[in-house]
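Visitor: Here the sequence shown stands for residues 1 to 114, numbered as in our numbering.
These aren't lab readings, by the way, just hints derived from the structure by calculation. Cβ coordinates follow ideal geometry from the N, Cα and C atoms, glycine included. A couple of the hints might just be wrong.
Cβ-Cβ distance ranges computed for the label pairs, FRET-style [stated by the list, open to error]:
#1 Ser51 to Asp7: 33 to 41 Å
#2 His54 to Ala77: 32 to 40 Å
#3 Ser78 to Ser19: 34 to 42 Å
#4 Ser78 to Trp8: 27 to 35 Å
#5 Thr20 to Lys80: 27 to 35 Å
#6 Thr16 to Lys80: 17 to 25 Å
#7 Thr70 to Lys18: 31 to 39 Å
#8 Lys18 to Ser78: 15 to 23 Å
#9 Ser19 to Asn79: 32 to 40 Å
#10 Trp8 to Glu56: 17 to 25 Å
#11 Trp40 to Ala81: 29 to 37 Å
#12 Thr20 to Arg50: 20 to 28 Å
#13 Asp63 to Thr9: 33 to 41 Å
#14 Arg82 to Trp40: 16 to 24 Å
Straight-line distance between alpha carbons at most 25 Å, and here's what the computed SDA-like set of lysine to any residue pairs gives [claimed, not checked]:
#15 Lys18 to Trp40
#16 Lys18 to Trp8
#17 Lys18 to Asp31
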Amino acid sequence: MTDKPIDWTPDLTLPTSKSTVQHFIANAGGDRLEIDAAPWGEADLAVNGRSIAHVETAPSAGDAFRALETIAEDFEASNKARGDRRLDQAIEDDEVRQRLGLTRLLRGRDQRDR
1 MTDKPIDWTP DLTLPTSKST VQHFIANAGG DRLEIDAAPW GEADLAVNGR SIAHVETAPS
61 AGDAFRALET IAEDFEASNK ARGDRRLDQA IEDDEVRQRL GLTRLLRGRD QRDR
């Protein structure tokens, strides 16, 4: 059995049949992911309400969903990797820190001087 990083839940409030668009929702890494898949093989992926991917010519809704699921997993993996790297970085330049709206943490001697 494969460990899926994103757990998709179908929107059960919509009618379901082989001729209707299916809507799936997932939460991963602090993001809200949505996939709408049409039976003719067209699908859209949105992250936090912003469209990031579209499939037009998949053989079926299932194929379109799986293609966008892979894109969503890659998107979340890259966000996690990018977030992990940023946590390790220290911003030493006061001007850059000020432009970003960050405050300087005072340690040891710096605190005594103030």
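Visitor: Now, for every hint given, state plainly whether the structure supports it.
Guide: Outcome of the hint check:
no.: 1; hint: Ser51 to Asp7: 33 to 41 Å; verdict: 21 Å, violated
no.: 2; hint: His54 to Ala77: 32 to 40 Å; verdict: 20 Å, violated
no.: 3; hint: Ser78 to Ser19: 34 to 42 Å; verdict: 35 Å, holds
no.: 4; hint: Ser78 to Trp8: 27 to 35 Å; verdict: 19 Å, violated
no.: 5; hint: Thr20 to Lys80: 27 to 35 Å; verdict: 34 Å, holds
no.: 6; hint: Thr16 to Lys80: 17 to 25 Å; verdict: 32 Å, violated
no.: 7; hint: Thr70 to Lys18: 31 to 39 Å; verdict: 23 Å, violated
no.: 8; hint: Lys18 to Ser78: 15 to 23 Å; verdict: 34 Å, violated
no.: 9; hint: Ser19 to Asn79: 32 to 40 Å; verdict: 35 Å, holds
no.: 10; hint: Trp8 to Glu56: 17 to 25 Å; verdict: 21 Å, holds
no.: 11; hint: Trp40 to Ala81: 29 to 37 Å; verdict: 35 Å, holds
no.: 12; hint: Thr20 to Arg50: 20 to 28 Å; verdict: 24 Å, holds
no.: 13; hint: Asp63 to Thr9: 33 to 41 Å; verdict: 20 Å, violated
no.: 14; hint: Arg82 to Trp40: 16 to 24 Å; verdict: 35 Å, violated
no.: 15; hint: Lys18 to Trp40; verdict: 10 Å, holds
no.: 16; hint: Lys18 to Trp8; verdict: 19 Å, holds
no.: 17; hint: Lys18 to Asp31; verdict: 29 Å, violated
In this structure, the earlier hints numbered 1, 2, 4, 6, 7, 8, 13, 14 and 17 are contradicted, and the remaining ones agree with it.
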